[in-house]
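K.L.:
Below are the chains, spelled out letter by letter.
Number of protein chains: 2
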Amino acid sequence: MAMKRAGVSAIRALCSSPDLTRGVHSTAGSKKIVGVFYKANEYAELNPNFVGTVERGLGIRDWLESQGHQYVVTDDKEGPDCELEKHLSDLHVLITTPFHPAYVTAERIKKAKNLQLLLTAGIGSDHIDLKAAAEAGLTVAEVTGSNVVSVAEDELMRILILVRNFLPGYHQVINGDWNVAGIAHRAYDLEGKTVGTIGAGRIGRLLLQRLKPFNCNLLYHDRIKIDPELEVQTGAKFEEDLDTMLPKCDIIVLNTPLTEKTRGMLDKERISKLKKGVLIVNNARGALVDTQAVADACTSGHIGGYSGDVWFPQPAPKDHPWRYMPNQAMTPHISGTTIDAQLRYAAGTKDMLDRYFKGEEFPLQNYIVREGVLAPQYR
Amino acid sequence: MAMKRAGVSAIRALCSSPDLTRGVHSTAGSKKIVGVFYKANEYAELNPNFVGTVERGLGIRDWLESQGHQYVVTDDKEGPDCELEKHLSDLHVLITTPFHPAYVTAERIKKAKNLQLLLTAGIGSDHIDLKAAAEAGLTVAEVTGSNVVSVAEDELMRILILVRNFLPGYHQVINGDWNVAGIAHRAYDLEGKTVGTIGAGRIGRLLLQRLKPFNCNLLYHDRIKIDPELEVQTGAKFEEDLDTMLPKCDIIVLNTPLTEKTRGMLDKERISKLKKGVLIVNNARGALVDTQAVADACTSGHIGGYSGDVWFPQPAPKDHPWRYMPNQAMTPHISGTTIDAQLRYAAGTKDMLDRYFKGEEFPLQNYIVREGVLAPQYR
Numbered sequence: 385m386a387m388k389r390a391g392v393s394a395i396r397a398l399c400s401s402p403d404l405t406r407g408v409h410s411t412a413g414s415k416k417i418v419g420v421f422y423k424a425n426e427y428a429e430l431n432p433n434f435v436g437t438v439e440r441g442l443g444i445r446d447w448l449e450s451q452g453h454q455y456v457v458t459d460d461k462e463g464p465d466c467e468l469e470k471h472l473s474d475l476h477v478l479i480t481t482p483f484h485p486a487y488v489t490a491e492r493i494k495k496a497k498n499l500q501l502l503l504t505a506g507i508g509s510d511h512i513d514l515k516a517a518a519e520a521g522l523t524v525a526e527v528t529g530s531n532v533v534s535v536a537e538d539e540l541m542r543i544l545i546l547v548r549n550f551l552p553g554y555h556q557v558i559n560g561d562w563n564v565a566g567i568a569h570r571a572y573d574l575e576g577k578t579v580g581t582i583g584a585g586r587i588g589r590l591l592l593q594r595l596k597p598f599n600c601n602l603l604y605h606d607r608i609k610i611d612p613e614l615e616v617q618t619g620a621k622f623e624e625d626l627d628t629m630l631p632k633c634d635i636i637v638l639n640t641p642l643t644e645k646t647r648g649m650l651d652k653e654r655i656s657k658l659k660k661g662v663l664i665v666n667n668a669r670g671a672l673v674d675t676q677a678v679a680d681a682c683t684s685g686h687i688g689g690y691s692g693d694v695w696f697p698q699p700a701p702k703d704h705p706w707r708y709m710p711n712q713a714m715t716p717h718i719s720g721t722t723i724d725a726q727l728r729y730a731a732g733t734k735d736m737l738d739r740y741f742k743g744e745e746f747p748l749q750n751y752i753v754r755e756g757v758l759a760p761q762y763r
Numbered sequence: 385m386a387m388k389r390a391g392v393s394a395i396r397a398l399c400s401s402p403d404l405t406r407g408v409h410s411t412a413g414s415k416k417i418v419g420v421f422y423k424a425n426e427y428a429e430l431n432p433n434f435v436g437t438v439e440r441g442l443g444i445r446d447w448l449e450s451q452g453h454q455y456v457v458t459d460d461k462e463g464p465d466c467e468l469e470k471h472l473s474d475l476h477v478l479i480t481t482p483f484h485p486a487y488v489t490a491e492r493i494k495k496a497k498n499l500q501l502l503l504t505a506g507i508g509s510d511h512i513d514l515k516a517a518a519e520a521g522l523t524v525a526e527v528t529g530s531n532v533v534s535v536a537e538d539e540l541m542r543i544l545i546l547v548r549n550f551l552p553g554y555h556q557v558i559n560g561d562w563n564v565a566g567i568a569h570r571a572y573d574l575e576g577k578t579v580g581t582i583g584a585g586r587i588g589r590l591l592l593q594r595l596k597p598f599n600c601n602l603l604y605h606d607r608i609k610i611d612p613e614l615e616v617q618t619g620a621k622f623e624e625d626l627d628t629m630l631p632k633c634d635i636i637v638l639n640t641p642l643t644e645k646t647r648g649m650l651d652k653e654r655i656s657k658l659k660k661g662v663l664i665v666n667n668a669r670g671a672l673v674d675t676q677a678v679a680d681a682c683t684s685g686h687i688g689g690y691s692g693d694v695w696f697p698q699p700a701p702k703d704h705p706w707r708y709m710p711n712q713a714m715t716p717h718i719s720g721t722t723i724d725a726q727l728r729y730a731a732g733t734k735d736m737l738d739r740y741f742k743g744e745e746f747p748l749q750n751y752i753v754r755e756g757v758l759a760p761q762y763r
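Protein chains in written order, with the numbering used here: chain A, 385 to 763; chain B, 385 to 763.
Any given hint could be a false lead.
If chains are identical, the list can't say which one is meant, so a pair holds when it fits in one copy or spans any two.
As the list claims (entries may be wrong) - Taking lysine-lysine and the DSBU-like style, the derived pairs with C-alpha atoms no more than 35 Å apart in a straight line are:
1. Lys609 / Lys596
2. Lys659 / Lys494
3. Lys423 / Lys495
4. Lys659 / Lys470
5. Lys734 / Lys659
6. Lys577 / Lys596
7. Lys596 / Lys659
8. Lys596 / Lys632
9. Lys742 / Lys416
10. Lys497 / Lys734
11. Lys702 / Lys495
12. Lys742 / Lys497
13. Lys596 / Lys660
14. Lys470 / Lys632
15. Lys734 / Lys577
16. Lys577 / Lys609
17. Lys423 / Lys659
18. Lys577 / Lys621
19. Lys416 / Lys652
Since the hints were derived computationally from the structure, they do not count as laboratory data.
Assemble the whole structure, with the sequences as input and the hints as a guide.
P.N.:
Written out as structure tokens, the structure reads:
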């Protein structure tokens, strides 16, 4: 890890040999590590594996302290007087999550003079100003793969909830009603429908595999084609042009990272060109879509259903329009933080800390910013 | 079709040749056909394919009337003064559905002197007293296969809703809350869990195929083993003894018809032997389980979640305990009556009527009672 931040990115860009690169992870002495997680509160004692919380702090406190490091965990991340701000001046490593995101702004990075490493426990580091992190010569890494299965499963659940019109039936049950027609007139099978994913990275590919037995017409758009074998296995067809694919879809799933290029990609104009009644699933990032345009199209019926677990900002304010729009099947940001996922990203975070202390490089796919150099998809 | 009812079953039992059997379908003259469906009401005009309703009557009115038959449709099926009762004395064919079941009791069969044919638009004829129908020499048939995909998809949706703890998150959204811990402490991935299906008939097999990419440990119990090729394809393991399988399961799905042997099979004692926190999905029939035992086990937490769309009786009364028990994800009976399913079972019902008028036999798998002889699984 870069001990000096300034100028490192320029040097790193010249160092492509693993032998040379590995060296920069070397670091010595006691480190101050701060983790920002959501609080478990009354749920803390209900599950011994509930590790992704303030109360359990990824289960790494004893391990860190036994090596002489300092470990602070908090959920207090907003405003100038929050707990996180108090530790910015002397922390070396900041661990954050997408579920309760500490927004790591350029200003905060500037304040954090000793900061070397930003670790995302989970996947998705868009709550970090990556440009500012790169300019400061930092490394940003996430536990790539730790919750891709979790999110892909959740996406398939949401597709089914929308296409089969689950929630109106559930509401009837809890309201003491029984009116099959009120559900059935817009309940469909998934079989035979056209499902398009915007992005076929790790999560998108897992979704395509899980969709395969449902006998849908599967489409995907990405910068590059998926492995030919996987294309044959899933039957998914590559769509080079996003705007050619979208109007063909009965169901659209967003599986692309949030970058300056993708921000707001599903805007009012694009939505207007979708099939009437289209169903949209977004477990990627809330800011990929225009919040108000989605709410308006759900109200008009142009969008037949919208489900996802990502919002902007998070936590979603009480007056966020998606809470109140018709035909929504939203939840708080949860899909990647199942108990199974927590155990995986806790282990992955611990592994990167261990490598950081030993001066070893991380698994290559984990890097978002590597000592000041942005990963290609974020440039 | 048997023109005379009495004594037909004995004769039919001797006639296994298709040539001999086909003849009994011959029937002449104008028939009176009564269909009992749910009402679409204000939803009738919202979807031109909403055919499984009183308003559309499977879309076969013109076709029936053009051939000189009389066609009555109603949703009024309860009590001595209901519309159905008025037509019992002279109807020849009664079409019913599992979604809004007209209970065809021995008493009603006795009253229906001209009745020859009971058609279920959908799958599941347990709302008919099959023994009484057989004794009266009737034929009972359903549109086998018409909604098996619909139900299997719905089951997978319910598995995911329970295992991923969807509903508490949705409730937070509509209540203006945001508390990831309140969801995550009991949210899991489906991957790696043990899923057992009680019954691996048409629906159970489709479910196993759809579960395959989720990398679960799949078990099934049935009277007979599934096709070896499908066993290899899905990786599902046969469990000869139900009570050996059940305690292994994290998730149990019921996929067995309701018969006198299966009624109440999941009772208090069997439930007590399941894993603590087991998730149960039942889209088969409500009476397969002990209603109060399920509610009690959901309240105690021994059952971690229960989801299904079948109840006894249907419609479920306002005070049905499943409406109010914790961790339920229930809906009215809907899974088999998606728009896609309606189009298929309407077509299948029309096909059987056409064969009936022409004196042709039905697709063999459709028969539940064939001129007084019960299909093997109902004996």
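K.L.:
Hint by hint, note whether the structure agrees.
P.N.:
Comparing the hints with the structure gives:
For the homomeric pair Lys609 and Lys596, the shortest alpha-carbon distances inside one copy (18 Å) and between copies (25 Å) are both at most 35 Å. Taking CA atoms no more than 35 Å apart as the test, Lys659 paired with Lys494 passes in neither setting, with 46 Å inside one copy and 52 Å between copies. Taking the shortest Cα distances, Lys423 and Lys495 sit within 35 Å of each other inside one copy (25 Å), while across copies they are farther apart (66 Å). Taking the closest pair of Cα atoms, Lys659 and Lys470 never come within 35 Å of each other, the shortest separation being 50 Å inside a single copy and 46 Å across copies.
With identical chains, the CA atoms of Lys734 and Lys659 are at most 35 Å apart between copies only, with a shortest distance of 32 Å across copies and 46 Å within one. In the homo-oligomer, the alpha carbons of Lys577 and Lys596 lie at most 35 Å apart both inside one protomer (12 Å) and across protomers (20 Å), since each shortest distance falls under that limit. Taking the shortest Cα distances, Lys596 and Lys659 sit within 35 Å of each other both inside one copy (23 Å) and across copies (31 Å). In this assembly of identical chains, Lys596 and Lys632 lie within 35 Å of each other by CA distance both inside one copy and across copies; the values are 18 Å within and 28 Å between.
For a Cα distance limit of 35 Å, the shortest separation of Lys742 from Lys416 inside one copy, 16 Å, qualifies, whereas the shortest one across copies, 85 Å, does not. Proximity of Lys497 to Lys734 under the C-alpha cut-off of 35 Å is restricted to the intra-copy arrangement: shortest distance 23 Å within a copy versus 77 Å between copies. Within a single copy, Lys702 and Lys495 get their C-alpha atoms as close as 31 Å, which meets the 35 Å cut-off; across copies the closest is 60 Å, which misses it. Taking identical chains as interchangeable, the C-alpha atoms of Lys742 and Lys497 lie at most 35 Å apart only when both belong to the same chain, with a minimum of 22 Å there against 88 Å between chains.
Taking the shortest alpha-carbon separations for Lys596 and Lys660, both the intra-copy value of 25 Å and the inter-copy value of 33 Å come in at or below 35 Å. Taking the closest pair of Cα atoms, Lys470 and Lys632 never come within 35 Å of each other, the shortest separation being 51 Å inside a single copy and 50 Å across copies. Taking the closest pair of Cα atoms, Lys734 and Lys577 come within 35 Å of each other only across two copies (25 Å); inside a single copy the shortest separation is 42 Å, beyond that limit. Both within a single protomer and between protomers do Lys577 and Lys609 lie at most 35 Å apart by alpha-carbon distance, with minima of 22 Å and 32 Å respectively.
In the homo-oligomer, the alpha carbons of Lys423 and Lys659 lie at most 35 Å apart only across protomers (29 Å), although the nearest pairing inside one protomer, at 41 Å, exceeds that limit. For the identical chains of this complex, Lys577 and Lys621 are neighbours both inside a copy (14 Å) and across copies (31 Å), given an alpha-carbon limit of 35 Å. With identical chains, the CA atoms of Lys416 and Lys652 are never at most 35 Å apart, being 45 Å at best within one copy and 54 Å at best between copies.
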